[in-house]
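Novice: For reference, the chains in residue letters:
There are 4 protein chains.
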Amino acid sequence: MYQFTTGRRIEFADTDLSGLVHFSKYFVFMETAEHEMLRSLGVTIHTRYEGFEIGWPRRAVSCEYVSPLRFGDQLEITVQVERKGRTTMTYGFTFEVEGRVAARGRITAICCVLDDPTGLRAIPLPPFIADQLEPAPLEAGDG
Amino acid sequence: MYQFTTGRRIEFADTDLSGLVHFSKYFVFMETAEHEMLRSLGVTIHTRYEGFEIGWPRRAVSCEYVSPLRFGDQLEITVQVERKGRTTMTYGFTFEVEGRVAARGRITAICCVLDDPTGLRAIPLPPFIADQLEPAPLEAGDG
Amino acid sequence: MYQFTTGRRIEFADTDLSGLVHFSKYFVFMETAEHEMLRSLGVTIHTRYEGFEIGWPRRAVSCEYVSPLRFGDQLEITVQVERKGRTTMTYGFTFEVEGRVAARGRITAICCVLDDPTGLRAIPLPPFIADQLEPAPLEAGDG
Amino acid sequence: MYQFTTGRRIEFADTDLSGLVHFSKYFVFMETAEHEMLRSLGVTIHTRYEGFEIGWPRRAVSCEYVSPLRFGDQLEITVQVERKGRTTMTYGFTFEVEGRVAARGRITAICCVLDDPTGLRAIPLPPFIADQLEPAPLEAGDG
Numbered sequence: 001m002y003q004f005t006t007g008r009r010i011e012f013a014d015t016d017l018s019g020l021v022h023f024s025k026y027f028v029f030m031e032t033a034e035h036e037m038l039r040s041l042g043v044t045i046h047t048r049y050e051g052f053e054i055g056w057p058r059r060a061v062s063c064e065y066v067s068p069l070r071f072g073d074q075l076e077i078t079v080q081v082e083r084k085g086r087t088t089m090t091y092g093f094t095f096e097v098e099g100r101v102a103a104r105g106r107i108t109a110i111c112c113v114l115d116d117p118t119g120l121r122a123i124p125l126p127p128f129i130a131d132q133l134e135p136a137p138l139e140a141g142d143g
Numbered sequence: 144m145y146q147f148t149t150g151r152r153i154e155f156a157d158t159d160l161s162g163l164v165h166f167s168k169y170f171v172f173m174e175t176a177e178h179e180m181l182r183s184l185g186v187t188i189h190t191r192y193e194g195f196e197i198g199w200p201r202r203a204v205s206c207e208y209v210s211p212l213r214f215g216d217q218l219e220i221t222v223q224v225e226r227k228g229r230t231t232m233t234y235g236f237t238f239e240v241e242g243r244v245a246a247r248g249r250i251t252a253i254c255c256v257l258d259d260p261t262g263l264r265a266i267p268l269p270p271f272i273a274d275q276l277e278p279a280p281l282e283a284g285d286g
Numbered sequence: 287m288y289q290f291t292t293g294r295r296i297e298f299a300d301t302d303l304s305g306l307v308h309f310s311k312y313f314v315f316m317e318t319a320e321h322e323m324l325r326s327l328g329v330t331i332h333t334r335y336e337g338f339e340i341g342w343p344r345r346a347v348s349c350e351y352v353s354p355l356r357f358g359d360q361l362e363i364t365v366q367v368e369r370k371g372r373t374t375m376t377y378g379f380t381f382e383v384e385g386r387v388a389a390r391g392r393i394t395a396i397c398c399v400l401d402d403p404t405g406l407r408a409i410p411l412p413p414f415i416a417d418q419l420e421p422a423p424l425e426a427g428d429g
Numbered sequence: 430m431y432q433f434t435t436g437r438r439i440e441f442a443d444t445d446l447s448g449l450v451h452f453s454k455y456f457v458f459m460e461t462a463e464h465e466m467l468r469s470l471g472v473t474i475h476t477r478y479e480g481f482e483i484g485w486p487r488r489a490v491s492c493e494y495v496s497p498l499r500f501g502d503q504l505e506i507t508v509q510v511e512r513k514g515r516t517t518m519t520y521g522f523t524f525e526v527e528g529r530v531a532a533r534g535r536i537t538a539i540c541c542v543l544d545d546p547t548g549l550r551a552i553p554l555p556p557f558i559a560d561q562l563e564p565a566p567l568e569a570g571d572g
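Top line first, the protein sequences correspond to chains A, B, C and D. Under my numbering, residue 143 is the last one in the first sequence; the count climbs by one each step, no gaps. Under my numbering, residue 286 is the last one in the second sequence; the count climbs by one each step, no gaps. Under my numbering, residue 429 is the last one in the third sequence; the count climbs by one each step, no gaps. Under my numbering, residue 572 is the last one in the fourth sequence; the count climbs by one each step, no gaps.
Treat the hints as calculated values from the structure; they're not laboratory data. Just so it is clear, CB atoms sit at the ideal spot from N, CA and C, and this is done for glycine as well. Incorrect hints may appear among the rest.
[Claimed, not checked] Here chain C is said to cover these stretches of chain A; the calculated rule only asks that three of the stretch's residues, wherever they fall, bring their Cβ under 8 Å from a Cβ of chain C:
#1 11-17
#2 26-35
#3 126-132
[Said to hold, decoys possible] Pair ranges (Cβ atoms, derived):
#4 D:Pro564 / A:Gly7: 39 to 49 Å
#5 B:Glu207 / C:Gly293: 24 to 34 Å
#6 B:Arg213 / D:Glu479: 41 to 51 Å
#7 B:Asp274 / D:Ala551: 52 to 62 Å
#8 B:Pro267 / D:Pro564: 51 to 61 Å
#9 D:Gly501 / C:Arg356: 48 to 58 Å
#10 B:Gly228 / C:Gly293: 49 to 59 Å
#11 D:Ala551 / A:Gly7: 23 to 33 Å
#12 C:Pro423 / D:Val495: 56 to 66 Å
Put together the whole structure using the sequences plus the hints.
Specialist: Encoded structure:
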């Protein structure tokens, strides 16, 4: 799989006093879409693997805000696998409301052992995830 | 100790589109004041004790909202120990802005082992906390 | 209508380091269920009415936590109208996961004009809401 | 002013089940540091100006996570003005704990009229902000 789409409705607690959705919430929306994509493949994001607790701390994230989101908006979020590294996954996200793009984001996550006494330790992507995700094919004109 | 006071300023992300602080945030403010009280006594809220990971899941909480809080308000929060049970602590909270009461809340927390394979398990209050906290004396007229 | 049920799945950002859902999030879940109930009746919670911006600040809220919620849990939330006052609505909430009760909560909201220059001002419930909601009938044994 | 430093302590509700601070919270921390910088200059971020309600929706944000943050960490956040555009401000942020860098972030905000009936409308930076902030001087080697 390289692409997945899910929906969610903007909740009251997602907004701030400007009347718009708070910009930090977009990252929660992205993460939940990422998790839904993995859940659709039968993958649990936070699990035990080879005797360790593994998780996906973020290395870098970004978001561009194109048009504002408001309370009650019905959002469509598309997740795309942009890159599969040795220890990292990079996902791209597009937010749309009624066909217009509201935002675009990106998350690079590192597969890590969380409970190593020496601290977080990056590990090669476990096959049970790596084998199920493929980077999106280049669109015409990308190369 | 039976009472502790701390301050905090309302942040932009604490508000919602009504222009007021979202009502769920008051519980975050209460919890952080509780933790600051314990930290002032040298107590870590989430720790290892007798070989287990212990924490303080909430059994019951409540809040009454008296006057609204807004972005930038400088809040004064008073924590009071209301009751010390066998496995529980009950804290009362008062929120004030410039001398007027904004809200009153209460949290009852249970001391639990978090990593018992059979699930959460309540335990008697560890002495390192119980010995440092005493219920507030009754005010004249309480009894 | 006096009762409404909706679902939601626990997200990663709903949890805290204890591994459980943070207790403040239950209030966000309650509010969103309340709004979904009203949306199902065609009612917008935050709207203009008789020339003013009206909203529903909370007067009092509470929650009892029965069994913990964890990442990925599929939650069923039932909203019940407990009381319809002159200027207030009181809703009761039950959270269930796979048939077991996880929590019970309550919210009393006041219908207010938000943009009166003198501050928040409670007003009688607008008919477009009051006419559509009725308190739940007493269960046998309640009286 | 082109640089400002502030502190904050990581709260329990900032964490998630991995035991680390949730990555979306860093953006709340950045925004609050931005607002504290402006408050230190006597500037209110959300105000009325020339008859309109103005605010600072975000155009683009990003964060790189260098080392994890945990409950109780005492954070030092430095805000730097990176660029002053015609309608935008770009701020850079550095997060440090006990002298080690934990994260670096960036926010570009657009000065907008929020209550124009036609929607958000970018406006030139008001002098009461633009006159008080200057981009940080280039460090040796930057050019």
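Novice: State for each hint whether it applies.
Specialist: Structure-based check of all given hints:
Three residues within the 8 Å Cβ limit are the bar, and the segment 11-17 of chain A against chain C gives 3, so the coverage statement holds. Counting residues of the segment 26-35 of chain A whose beta carbon lies closer than 8 Å to any beta carbon of chain C gives 4, which reaches the threshold of three, so the coverage claim holds. Given a C-beta distance limit of less than 8 Å, the hint that chain C covers the segment 126-132 of chain A is violated, as 0 residues qualify and 3 are needed. Checking the proposed 39 to 49 Å range against proline 564 (chain D) and glycine 7 (chain A) shows it holds: the Cβ atoms sit about 41 Å from each other.
Glutamate 207 (chain B) and glycine 293 (chain C) have their C-beta atoms about 30 Å apart, which keeps the hinted 24 to 34 Å range intact. For the pair arginine 213 (chain B) and glutamate 479 (chain D), the supplied restraint of 41 to 51 Å is violated, since their beta-carbon distance comes to about 23 Å. Separation of aspartate 274 (chain B) from alanine 551 (chain D) is about 59 Å and conforms to the stated range, judged on CB atoms against 52 to 62 Å. Taken as a hint, the range 51 to 61 Å holds for the pair proline 267 (chain B) and proline 564 (chain D), whose Cβ atoms sit roughly 59 Å apart.
Taking 48 to 58 Å as the suggested C-beta distance range, the pair glycine 501 (chain D) and arginine 356 (chain C) does not conform, at roughly 23 Å. Distance hint for glycine 228 (chain B) and glycine 293 (chain C): a CB-CB separation of about 35 Å, inconsistent with the stated range 49 to 59 Å. In this structure, alanine 551 (chain D) and glycine 7 (chain A) meet the distance hint of 23 to 33 Å, their C-beta atoms being roughly 30 Å apart. For proline 423 (chain C) paired with valine 495 (chain D), a C-beta distance near 59 Å keeps the hint of 56 to 66 Å intact.
Hint check: violations occur at hints 3, 6, 9 and 10; the rest are consistent with the structure.
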